[in-house]
Amino acid sequence: MKANDCRFMKTALGFSISTKIKGLGLGFALMLCIGAAAQDRLVQGKVTSAEDNSPIPGVNILSMGKAVGTVSDVDGIYSLQVPTSTSSLVFSFIGFKTIEVELGERSILDVSLEVDITQLSEVVVTGTGVPTEKRKLAFAVESVTTDKLPIVPTASIDQALVGRIPGAQISSISGTPGSEMSIVLRGINTINSGTMPMILVDGVQMGATLLSSIDPNSIEKVEVIQGAAAATIYGAQGANGVLQIFTKKGKSGQIKIDFSMGFANNKMLNVGGVRKAQLHGFTTNYKNEVTVAGDTSTLLMLDPATLLYNSNIGYDPLNPSVKFDKPYDQNLQYFDHFKTFFVPANTYNTSIAVSGGSDKTDFNVSLSKTRQESTFNGSGYNDRTNLSLNLGIELARSLHLRTITRLINNKNTINVEEKQDFGTGIIFGSILYARPFADYNRKDMEGNYGADYGEASSLLQFNPNYQWQYSSTLDNKIDILQSFNLTYSFPKYLDLDLLYGINYQDRNLRHEVQNQSLNQNSVNAFTWSYWNNDVDNTGEITTNYNNQTFQNLKTTAFLRFDFEKDFNLKIPIKATTQLSYDYRSDASKKYENYALGMPVAPPLTSIQGTTFGVYQDYKERFVTFGYLINQRFEYGDLAGVSGGFRSDYSSAFGKGSKPFTFPRADGFFRLSGLDFWNNSGISNAILEWKVRAAYGEAGIQPRPFDRYVTLGSRALGATNALYIPADQSNANLNVEVSKEFEVGTDIMFEGLKGDWLRNFQTSISYWTRTTENAIFRVDAAPSTGVGTLLDNAISLESKGLQVSLNASMFKGSKVTWNLTTNYSQQNSIISKVKGDEIIVGNRILKAGEPVGQLYGWLMLNSVDQKNPNGEPFIDPSQQSNFTVASNGWVVNKSSKQPYITPDRYGLGNPNPDFMMTFINDISYRNFLTFSFQVDWLQGNHLMNYTKQWMYRDGVHSDYEKPITINGETGAWSAFYRGVYNNTYWDKNYFVEDASFVRLRNVSIGLDFAKLFTIQKINRLQLVLSGRNLWTITKYTGMDPEISSYGANTNYSSRNSLFRGIDNGTMPNFRTYQFTFFISL
Amino acid sequence: MKNITRISLIFMFVITSGCQDQLDITNPNQPTPESVRNEQGIISLAQGALYLNGFQGTKFGSYFFAIIVNYHERMGDIVGSPFVPVELYSPDRIILDNGSTSESINAQGQKNYLRSINIPSSQNNPLAYEWTFMYSLIGAMNSVLANVDEISMSIGKKNTIKAWAYFWKGFAYSRIGSMYYAGIINDEFNTRNNVYVSKSEIIIEAENNFSDAETLLVSLSGNADYQNVIDALIPSICKEGKGDSPTIAEWIRNINTMRARNILVNTPAAEMTIEQWNKILTLTKNGIEMTDNTFTIRTDDQGNLLPTNAYTAAQAVGPASSGGGGNKVSERLIQDFMPGDKRFANNFTQIPVWVAPGDRGVSINTRYLLVNKGKGVPEVIIMVNRDIGAHELYIAGSYEENVLMQAEANIYKGNIDAGLALIDELRNYQGAGLATTTGTGLTVVQAKEELRSERRVALAFRGFSFYDARRWGILKNGRTGCVVVESNGAINTNATIRYGYMEYWDVPIAESFYNPPSPDSAPIVNPD
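As they're listed, the protein sequences go chains A and B. Numbered per this note's numbering, the first sequence spans residues 1176 to 2255. Numbered per this note's numbering, the second sequence spans residues 526 to 1053.
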């Protein structure tokens, strides 16, 4: 089998296309290149897609016998002189099934091609540099076209990709509109730089814009390579893998218009049924009226003028006789804070795209708007407008220019306290922990809300209504992505590719806090809303300006030789040399100023302040550049190897520094390409079988200023003082080295003969990787005067398996059913730490432990339970003081409080044992589609801090649950309050199995255009879909999928160490959505 | 073909070499260590070493005056608090008037609590805070001392800066030695010393630094550079009230007060020798005088020095309905006021019984609130003013402290009237409006009670109560005759509180984990 090498078949993108036509023994293209033989009659026709009847340009048409051939034009039209003897024509095009059509006596032959669902014929470019068929890949590349992705209410590509990429852990960690997702590809390879992969858009790195800002309507497809073995060619930043987005291009032919409109209703998930106790254990008088602490003759009352309770509440939760058994039916009423503040909210999406093209140009322009309201009542909305233009021009023969422009305007009014990258969810948390008798909808006599009702209702509270009344945030963001791609192909040997992209983001956030000095609650409770002004309640305006410019320039030369053609050698070897140079520059600025002391009457401007200041004035620049040399050899379709190295310079190491150079290599072998295979019976059962392996190293550089030692500076009155920052950088930091090895196989089986199970394909990859010298901020001994120091302190090891299985479950005349199953497992452990162990917050990092291992103290399940040394936790002489309560925990008989071990132990791994996704696509004829996706995460654990704090404050509904201790039954608060024991945080009691099975997505679509065969309308489809409709989990919190910030960390989604914490973060939501599509 | 390869390689080489300049990126946002190698830079660092490294923030948290002084005053029972770590300031046992025992939330006692949370992690380990603040101060001053001789500036300026560095190192070692069972003497920034020495050796090191400072100050006498530098070292906003730049003589008197404190707070009152009292007498006679400037810190509108709510007294002010802010005024402070003390009348207000939830302990229940800016009683001190910059907090010694140490030395030496005269002087100074005690024929016991009560009242919220409770044996033996409000609102007037608190803290494991003691180190765990 010989490969094709038809340069005239280049598409506008510069792809060289090579296909294999099953069952035929020779390379047609070669014959084509040589030329045609006798020409006896003319055959003409049009090639269209069976899917939407659109013309397909570039289809390879050959006469049977391979004597002559041609290619369809932009309108799908072809004409071919064929010898009289020609009995049939073969039509082939990438992504479509190759067919052979009997010619008979016909001279007009119109053909409709069906999409080839077999993935091995797909062409990918990510990780390979040159477009390569999947069957010739030596590593795993996942690709998914957006038409296969579910419609998500956030209209963001990251949400849509959840579960779709085998091996990738893409999870939504916060339901706050505008939040980023967490993406972990192969394991945790760096702690300093987070887990986020490199994002490429049409070949250029997007370094400023968030992935979640990109409009999925403008995306054609997404490709993902997951580790260093493939991603090294993109430089050091590729160590976490690469996710590449391809923008939709116009097709030649008629102008196409696509319009869609969607409406979704979202409601915060609460799968664990979290709520506050409806019974209480407060001190009451004989009428069950709640009295103030220490005085049973005075009722607890809210002062209507100040919205403060008259005193504290009589509450003695550790008292072993106190039970939660009294209803809120007298002077205190039960208010369901969750119902008040967690409300359904809507999302609106509209999108229009116009595309078309001629033989020299193509264009696709799309405009979309999406608006997502927060499910946290009153906290704001996120509004996004995307405009994108993709324009391709053939400037001259073989010289193509493509320019892709994206403009994104984002307006976000989510209150700063709730923002993922600024706030910490304080306001959301304050609602979780407030006692349920506080009526936060109440206004004082002047019509104002109160922030803090006094300790009676909560030790830590802040009424969201107060926050919304006195403060507002406006966060405007403009993103520009522009890329130019110029390609030139010499007639032989050499292709040149020049790519330049600029990604600019301008963000302007203004947070306005009104003067609250007339609010009686603020005055009397000494509390107020603020961001920077923690000094008094006179308000402030804080403005935060950020901008970032990211540039990426790539030049690549591909040298190609075909030993057979170019050198007339009888060996089917092709060689491709890739020489690339790329340059990246990232420059950002942050500036924040504030004006404190606002007048009482709005409107407010900063100039009205009485105190002004600059909170932040920060610039950062990072430059890295390097070159890649990669050599690839292919032996026909049978095997291929490649190898090369990548060398990078980085400004983190300064001028004159040496580059870091890392090697890579890969190879594949197609067993099914061997003659014996094709000649034997195996080929009837196993159509395709390839084995592959790849190795690569990448150097993860320190962050821009990690190696620059600086001092701090702050104004003290009229002058500035210098100080030594507690967190020190380290001039001796080295690059982190990540090494990956992967092996895999891709197999295609022939299935049953009937309608059921006609074929299967599977892809299996196993990978291992290590990171040495991972940078971590470690504690120093305080007596040195240093707080923490960045150091190359840790080594990490990860390994994993990813499997995808695609099956045609059923294909009848009317119904088709395809099933995709993705499975992956991975684990990352710490292989080495400097010193014996590193303590960070409540975590202990030591060799052999999983990354992110949860640590804490144990509650016991039997009185004589033994510690790892085989000794009983409780001294046998004391054991008679303890008993096992009816809920299974060991408690002290007299105090009713649980026993807690004095030492800490590993409590659970936040990372799942495995993840599985099942995607079913079913269609009835061509107008009715039904699909659903089920995600299954098994074995991940969450530390339920949300519950812990609700235990602390005695508000969790568990307090109502009666338990029996030593023969006495009651809802004993001493047990529950004893579980939250301030001395020992992080207990096994709060570590929960957060495995879940979730109906991620279900949708049903009806295409009226096809149902009624409406002329001139390609699509008139209504899709009803639901997301996160149903979850099975043992987890008792609101959502097993959320993961909050850890202590000592800055930004959750990028943090790789502090996973597995549920700490008052807004959960994901359940969505019902209608979307309407029209395509002309 | 060869040409193409050659051209490509040359092209790459040109680009690569041309880009080398672009790698030359330094951090433009912050000053570098180079910035301190000039006169202005070293003065700025000497200033920041105290106010920012010492009192503003460390990796474990911000504001010495909020965290550390709060711990002292909560353990010293000037205030109570329902906030974490409650166990730190919850007495082991309270025996009520009727003889019944109020269960403590510290089932195992405070000592065991402190040991159970003494783990390397930074979170929730109160032992780590004062240690870290003070070594942060010492480390930064070490950096000042390491740089100052490298700079070309006058010897007078250098010596003023050095005197500042030694004085504050002396201050920091004083605090370490007065709180921890052992410490580390470290003269080099960012360098580990694993030889731990006993607390008394740390106090000696404090004295060594004080005497270095004094020697330098004496040498600076009459030097015009002194005034320029000390003016630059003290932030403008602190130069109010007693906070203006001290003269050389005033500074030396400040040193003497600190020296007297180190003797007083680190020796149980019952074990004080006559030599020690004589020493204190000599030192306090040469200590801070009524009109002397001392070292103070004030709140500022940006919270760079101190936010308006980040000190003990500010947190004892609070909503009338809920017993105060983060700090609740202790009933044991109120009962220490002599009847008719105008300082009480001006600064406190009585409220209906305020009772904390039972899981926070009964000791914080109270009937009193501290009043912001006082009630306007003329000529009487106000104990808290939350307006920006209005409240003066003493960092090191004060006249009040000095005069009370002198009074105590006199009384313990048997010079009762001499001691009482000083108490009367202080009461007049603060506008207490109490009858003169001098010449009323008080017994030694009565005089000591006047002294005890006056120290509680006059130095309230300033961070002396823990030291006093320790040296008076109250931590160990408890206090009798206490006013305690029970959870049911009942007022006990003769309760006994068994505090049982650890007297000198173990070295935090946040230190010893990262800096294991050498074999010849002193014990780092209090055997008590």
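Quick caveat, the hints were computed from the structure, so don't treat them as lab data. Be careful, since some hints might not be right.
For lysine to aspartate or glutamate, the following DMTMM-like pairs were computed, each having C-alpha atoms within a straight-line distance of at most 25 Å [to be verified]: (1) K584/B - D1902/A; (2) K1833/A - E739/B; (3) K584/B - D2133/A; (4) K2068/A - D756/B; (5) K1764/A - D546/B; (6) K1833/A - D549/B; (7) K1501/A - E1011/B; (8) K2041/A - D2168/A; (9) K1765/A - E2024/A; (10) K584/B - E559/B; (11) K636/B - D2050/A; (12) K636/B - D2078/A; (13) K1001/B - D712/B; (14) K584/B - E2012/A; (15) K1729/A - D546/B; (16) K764/B - E904/B; (17) K1833/A - D1850/A; (18) K810/B - D712/B; (19) K1764/A - E739/B; (20) K1462/A - E1011/B; (21) K584/B - D1792/A; (22) K1794/A - E559/B; (23) K1498/A - D756/B; (24) K1765/A - E904/B; (25) K1501/A - D2133/A; (26) K767/B - D756/B.
Does the structure keep K1501/A and E1011/B at a Cα separation of 25 Å or less?
-> holds, 23 Å
Assess, step by step, whether the Cα of K2041/A is no farther than 25 Å from the Cα of D2168/A, and give holds or violated.
-> Given pair K2041/A, D2168/A holds - Cα atoms ~23 Å apart, limit 25 Å.
Within a Cα-Cα threshold of 25 Å, do K2068/A and D756/B meet the stated pairing?
-> violated, 65 Å
When you check the alpha-carbon spacing of K584/B and D1902/A, does it fall within 25 Å?
-> holds, 7 Å
25 Å limit on alpha-carbon distance, applied to hinted pair K1498/A and D756/B = Cα-Cα ~63 Å, so violated.
Agreement of K1794/A and E559/B with the hint, judged by alpha carbon distance not exceeding 25 Å = The hint holds at about 20 Å.
Given the hinted pair K810/B and D712/B, is their alpha-carbon gap at most 25 Å?
-> violated, 32 Å
Between K1765/A and E904/B, is the straight-line Cα distance small enough, at 25 Å or below?
-> violated, 50 Å
Is it true that the CA of K1501/A sits at most 25 Å from the CA of D2133/A?
-> holds, 14 Å
Distance restraint between K636/B and D2050/A, which requires alpha-carbon spacing of 25 Å or less = holds, 20 Å
If you draw a straight line from the CA of K584/B to the CA of D2133/A, is it 25 Å or shorter?
-> violated, 36 Å
Sort out whether D756/B lies within 25 Å of K767/B, counting only the CA atoms.
-> Holds, at about 14 Å.
Hint violations for this structure: numbers 2, 3, 4, 9, 13, 17, 18, 19, 23 and 24, all remaining hints satisfied.
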